[in-house]
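**Student:** Work the whole structure out from these sequences, hints included.
Protein chains in written order, with the numbering used here: chain F, 2 to 339; chain L, 2 to 339.
One thing to keep in mind: the hints can contain errors.
Pairs count within a copy or across copies, as identical chains cannot be separated in the list.
Taking lysine-lysine and the DSS-like style, the derived pairs with C-alpha atoms no more than 30 Å apart in a straight line are [stated by the list, open to error]:
1) Lys151 / Lys225
2) Lys115 / Lys322
3) Lys313 / Lys225
4) Lys333 / Lys47
No lab work stands behind these hints: they were computed from the structure.
Below, each chain spelled out in residue letters.
2 protein chains.
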Amino acid sequence: MTAINRRRLLATAATLSLLFAPALPFLRQAQAQTDPLPSWNDGPSKQAITGFVARVTQQGGPDFVPPAERIATFDNDGTLWVDHPIYTQLAFALDRVKALAPLHSEWTSTQPFKAALEGDMKTLAESGEHGMAELVMASHAGMTTAEFEKIVTDWIATARHPRFKRPYTELSYQPMIELLAYLRANGFKTFIVSGGGVEFMRPWTERVYGVPPEQVVGSSIKTKFQMRDGRPELFRLPELNFVDDGPGKPVGINEYIGRRPIAAFGNSDGDLAMLQWTTMSGGARLGVIVHHTDAEREYAYDRDTTFGRLDKALDAAALNKWTVVDMKSDWKRIFAFE
Amino acid sequence: MTAINRRRLLATAATLSLLFAPALPFLRQAQAQTDPLPSWNDGPSKQAITGFVARVTQQGGPDFVPPAERIATFDNDGTLWVDHPIYTQLAFALDRVKALAPLHSEWTSTQPFKAALEGDMKTLAESGEHGMAELVMASHAGMTTAEFEKIVTDWIATARHPRFKRPYTELSYQPMIELLAYLRANGFKTFIVSGGGVEFMRPWTERVYGVPPEQVVGSSIKTKFQMRDGRPELFRLPELNFVDDGPGKPVGINEYIGRRPIAAFGNSDGDLAMLQWTTMSGGARLGVIVHHTDAEREYAYDRDTTFGRLDKALDAAALNKWTVVDMKSDWKRIFAFE
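**Tutor:** Have a look at this one:
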């Protein structure tokens, strides 16, 4: 091909792309309609999900569910984003304790703060629930809700995951983001139901998952309304309000959503009760467990770990015919940046 | 006009109405577009509401608010439906105590149950918060959430208001139902934020107000997840969980909605904090108080009553330029059945 011919070809290509540009979004849409879950390999997991959606959306079909009742609930840590080597919110709490340490000289000799400051995870784990609660209160309470929102927003923009060296929000699972969008495109209302702090998630869930604040259910501490200098504010108190984990998940679903989901997605024993509550209620129901089986691209763990332990829920999955997603074989890619 | 002429005219009218029948919904819609609030008299209240909506929905205007942030919160008792002579939920509790009395022979000699069974409202009021709590627990706890939903649904279908002799759901205010629909048509998400029990409201709010269960915030008792005979259930415990009234309203808004409203509607001092939280935050905001001024068509009360007392919030309305709706002059009709 001569230089002139090549130039002509490029010119033609440029003209063509200009001509076709208005059509491109439609073409992309058509493609998306062909496969709304491009990051999922074909297989039983993908089929179980698309088959369920087809059944409950088929007008006049035996399993049809009206759009208003198409509630889907998603755990967050380990289901929508990475929860290893430690929960992201724990990483946040540890960073906050370090940032606040200059104001608390006593922390260098008091547990669990000493362990937190020294990065001594073993001692920290040994401090148990009580120690964790102290850490959470010291890092999450004592400011207004507006102040806390700013602290979270700033942290999530700058903090990096120790292994992937990327912002935590980029460590959300691409196949699950596609799944959230696919369900919404089919009339579902998608909710997050997480053991994590609700005010730790709300500042970024809309941007990352397309889930607005009012559809995020999580654990919380108490707040107090007060007028200060003639302006209303909500002050965050060092007192636990609600733990949205384990048997707390159906309680939270009932309290915050007020409708029973028809589909639920989790990855650990903390999601067992939510999956039971969702699927054991008659009619077409979908229960999905994300099984971390890919140590190379992400992590591999189930029965033996402390964080996100998947044991009883894995047994229950077999018994109740829940879909167990094998990350290694079911997901073409895990992260958007791959 | 002769008989034959009259008959001919009637025949013509019948034909015409048949011909025009398919067009009627469109005509009605066109009319509704002209005036989305037909039960509101023209005046400062209606103008304040429509002016606010015009400002926040004007793309590119200085007060424009994106649809996702157009959150509007409504108190229920006295704002969306009648709360006199007693709160509807108290009428429900009293009926439940009567229904359960055969199983509790001790109630004929124990307060506040004796007073409840005898309809002795004076003694009942004197039993105070503690007495009310006992009444609520006896009538609202001790069954599953599914069982309670059925009890509420059955009661609301059959109970009648002592003065109006109609189902309580028919005693919702037609102008407010139009207002809810008008806001939704303008991209608002409408929430109920009520001191009433959330599980007492959710079974009927969608049908009556167009507000789905997940957009109802209210007071609640604790529930417990349990498996019974291999089936999951939520059991209602005789323990208070959250009081969504007074300073609890902004707390509830933050906890259950997670976004600050831009418009709030109330009728009593129980709504004062919600109105402060909503309106004192910069940007175009709307605070509205329904003032009960029509003893003939409904009730007239403000500073002197026990139920739905409007005192501090009325002073605050003047100070903060909230819109005070005068039911007598602002509302063309109060109920749909008028």
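**Student:** Could you run down the list of hints and mark each one as holding or not?
**Tutor:** Hint check:
no.	hint	result
1	Lys151 / Lys225	within (18 Å within a copy, 34 Å between copies)
2	Lys115 / Lys322	neither (46 Å within a copy, 52 Å between copies)
3	Lys313 / Lys225	between (38 Å within a copy, 20 Å between copies)
4	Lys333 / Lys47	within (12 Å within a copy, 56 Å between copies)
Of the numbered hints stated above, the single one contradicted by the structure is hint 2.
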